[in-house]
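Protein chains: 4
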Amino acid sequence: MEDKNHSHQQNQTRNDIFMNAARLFSEKGYNRVSIREICESVGVGKPTLYYYFKDKETLFVQLVQEAKSLGRALFEEFMGKDLSPIEKLENILRFFQAYVERYPVFIRFFSQISLMSLPESIELQISPFKDELLDTLQEIVKEGQEHGGFSHDLDRELFALTMLSTIKYFLHLKSRDSGNEFDLAGMFDRLLDLWKKILLET
Amino acid sequence: MEDKNHSHQQNQTRNDIFMNAARLFSEKGYNRVSIREICESVGVGKPTLYYYFKDKETLFVQLVQEAKSLGRALFEEFMGKDLSPIEKLENILRFFQAYVERYPVFIRFFSQISLMSLPESIELQISPFKDELLDTLQEIVKEGQEHGGFSHDLDRELFALTMLSTIKYFLHLKSRDSGNEFDLAGMFDRLLDLWKKILLET
Amino acid sequence: MEDKNHSHQQNQTRNDIFMNAARLFSEKGYNRVSIREICESVGVGKPTLYYYFKDKETLFVQLVQEAKSLGRALFEEFMGKDLSPIEKLENILRFFQAYVERYPVFIRFFSQISLMSLPESIELQISPFKDELLDTLQEIVKEGQEHGGFSHDLDRELFALTMLSTIKYFLHLKSRDSGNEFDLAGMFDRLLDLWKKILLET
Amino acid sequence: MEDKNHSHQQNQTRNDIFMNAARLFSEKGYNRVSIREICESVGVGKPTLYYYFKDKETLFVQLVQEAKSLGRALFEEFMGKDLSPIEKLENILRFFQAYVERYPVFIRFFSQISLMSLPESIELQISPFKDELLDTLQEIVKEGQEHGGFSHDLDRELFALTMLSTIKYFLHLKSRDSGNEFDLAGMFDRLLDLWKKILLET
DNA sequence: AATGAATGAGGATTCATTCAT
DNA sequence: AATGAATGAATCCTCATTCAT
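Chains as they are written, first to last, in the working numbering: chain A, 1183 to 1384; chain B, 1183 to 1384; chain C, 1183 to 1384; chain D, 1183 to 1384.
Watch out, some of these pointers could steer you wrong.
Remember, identical chains collapse to one label, so a pair may be satisfied in a single copy or spanning two.
Claimed, not checked - In the DSS-like style, the derived pairs of lysine-lysine whose C-alpha atoms are separated by at most 25 Å in a straight line are:
1. K1236 / K1378
2. K1236 / K1250
3. K1236 / K1356
4. K1378 / K1350
5. K1324 / K1263
6. K1378 / K1324
7. K1210 / K1263
8. K1210 / K1378
9. K1379 / K1350
10. K1379 / K1238
11. K1250 / K1379
12. K1228 / K1324
13. K1263 / K1238
14. K1378 / K1238
15. K1270 / K1356
16. K1236 / K1210
17. K1236 / K1263
18. K1263 / K1250
19. K1356 / K1228
20. K1228 / K1270
21. K1350 / K1210
These are computed hints drawn from the structure, not numbers from a lab.
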């Protein structure tokens, strides 16, 4: 039990740094958050941060990886095997909703990443991740066209891109919505209706 | 004559600073471009920059305003009075194409703006501009539904948003496309086809 | 039994720190070796080092004293009572050869000491040791002049200094000779020949 | 005239930094002198130093080059063409005396260089300089043996090394002699006498 | 005997900005 | 209209050292 406590305490500081950094980065971007600022927000000295993270860059990259990893894990929960294409699209939107609710800090952080002006060294480490979602969306549409009743004369690639950009835009809006006025769930419902109308031919 | 020369020279330096700053900001973001870097790229001393621009912030804001203003002027050229809704949508895409071709630096800069992590002070000055385009798009769709043959049971607001985010996303991709491999014109053609198919009911 | 083991283990760690510190200091100088570096090279935590040594300074000074003390012990082996002055000179060179072979780390360390830029506090503790060798050399030459057949009109003090600086220079060269290309023994033989030629008048 | 003043003022600060840095480095070694310390000793802010010198390393390397270059220039003055080997040796010693008198700061700095523990990057830039003097000394002895009446059965290489190390040792002593108690000139006179006695066979 | 976690002080360097000229 | 020189404040990061366990 003592061991657990110990290990818990250990992770506590590290986690505090982690979460505060995520929040600050998502609020102000990489360059405008200083190590000092992070440390002050946590209430530790600078060397403590450097005890847990090699440097600012590493901290940031680990943050990205963590956000991705949590996202992927959550995504799995929503991606059952035997779903119809429409259900899959629905679940993708539900997944983002859930992500937003469960990790509000990370979604802001995550939705900002692609938009931040980052040091080149970081971009290189992050870029490989980019837009697996686009592939997923395309495949769903393809599947839908093949045996899901989706309209055949629809530009598959382009429509997937449209869906992707819209989702991202909504997440972007939500992440900037400090007063919780933006009803993401409602917007996603309407979005799904729109997609259905477009995709399903009569 | 001397005066003119003088004044021309004056504008020349100012303009050099302006354009180099635009290029650098669009390439690397606000925070990662230093005054020194801008001055070196122009070949003048730092006080020269401060002679023309109050400070870094002012330089940036003026840049935004200039890009907006040029954009608006160009937009007028494409927005004739007696156009059908579809033609209007087509022209909006043509306008962006033209903007990209005519002001390649500014489009990159402009497309970065919303994405940059900016000091709060700047954010406040810029935000009022945001997304007049969304209104325009909504009105076109509305007009189309009223007397343009557009599908009536389409979520107007949402579809406009979809269009907006897709355009932005394409401009974003184009602005990051260093090797000129991204065929914006072709994509816009396909996009217009897609929109037509969706909007025009049979 | 357990106690002995215990105590042995204790000395082992202490000794590991000691030797690694000696090596690192001799390779890079006092300031450029960090406590972290020493600890990492040994594979212990920093507090362990501080358990055995009060601080960096103390560690260094103890290192100097140890090197000196080992040197002195070895020196005694080479300084028999009934040696002729020439034999004494020869044995001094042999002593340094032996020191180099037996304590390669310490000789590097030792030869660096006088050259390192050290904190004042350390300098004060070390300086008293300086150059007992010079006195020894002078006395040998004096003895040789008095009843060893050494040339009488030789500047005793100065020649001793010449001998000292040459020995030191050779040790310095040897200590920097990573590839083991420098033949110290051979050089010392030649050096002894030279000295004989100079000291012994025909 | 104004221009000269201007340029003088300009060089004044730079030179102040230069000389203070030389003094501090020679007193305490590279690592233990901080940029802050140099700036405080001159009375300027840190950015001023960085205005004149790229970084600490560059400052140091330029210092070395300057000391070397001044040394070489002075050396030329002492190395006439038609000198006898003995006169050449004498002049080498006189040259060092002159150097010490004319550039007391630099001699300390210069004599310390080889002894300092420097960052590897600096050592690489400096090492090419090493010990042209040894070659010079060897050639003089060779010349003396061939037609200067120097003893033929003297180990040429070794004796040159002996001379070199002794000179260096004296300069080292002088550079550490804060109270000006060490009579370098007198020592050099005695040294020359010793060398003559050894080199010139009867 | 040894450790994980934390610290305060200080390191070199760069920033946007301004002065006198 | 333009410059060389200077600055205060901030940047990221590392140091030797220590506390509680």
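Hints versus structure:
1. K1236 / K1378: neither (48 Å within a copy, 53 Å between copies)
2. K1236 / K1250: Answer is within; shortest intra-copy Cα gap is 20 Å, inter-copy 40 Å.
3. K1236 / K1356: Neither way: K1236 and K1356 sit 32 Å apart in one copy and 35 Å across, limit 25 Å.
4. K1378 / K1350: Both, since 19 Å and 23 Å are each at most 25 Å.
5. K1324 / K1263: within (16 Å within a copy, 40 Å between copies)
6. K1378 / K1324: both (15 Å within a copy, 21 Å between copies)
7. K1210 / K1263: neither (39 Å within a copy, 42 Å between copies)
8. K1210 / K1378: neither (37 Å within a copy, 40 Å between copies)
9. K1379 / K1350: both (21 Å within a copy, 23 Å between copies)
10. K1379 / K1238: Classified as neither; 47 Å inside a copy, 49 Å across copies.
11. K1250 / K1379: neither (31 Å within a copy, 36 Å between copies)
12. K1228 / K1324: neither (51 Å within a copy, 56 Å between copies)
13. K1263 / K1238: For K1263 and K1238, neither the intra-copy (40 Å) nor the inter-copy (54 Å) Cα distance is at most 25 Å.
14. K1378 / K1238: For K1378 and K1238, the Cα distance exceeds 25 Å both inside one copy (44 Å) and across copies (48 Å).
15. K1270 / K1356: Within. Shortest intra-copy distance 22 Å satisfies the 25 Å Cα cut-off; inter-copy 30 Å does not.
16. K1236 / K1210: Answer is both: 22 Å inside a copy and 24 Å across each meet the 25 Å cutoff.
17. K1236 / K1263: So K1236 and K1263 fail the 25 Å test inside a copy (40 Å) and across (60 Å) alike.
18. K1263 / K1250: within (22 Å within a copy, 48 Å between copies)
19. K1356 / K1228: Neither way: K1356 and K1228 sit 32 Å apart in one copy and 40 Å across, limit 25 Å.
20. K1228 / K1270: neither (45 Å within a copy, 54 Å between copies)
21. K1350 / K1210: both (19 Å within a copy, 22 Å between copies)
Checked against the numbered hints given earlier, this structure breaks hints 1, 3, 7, 8, 10, 11, 12, 13, 14, 17, 19, 20; the rest are met.
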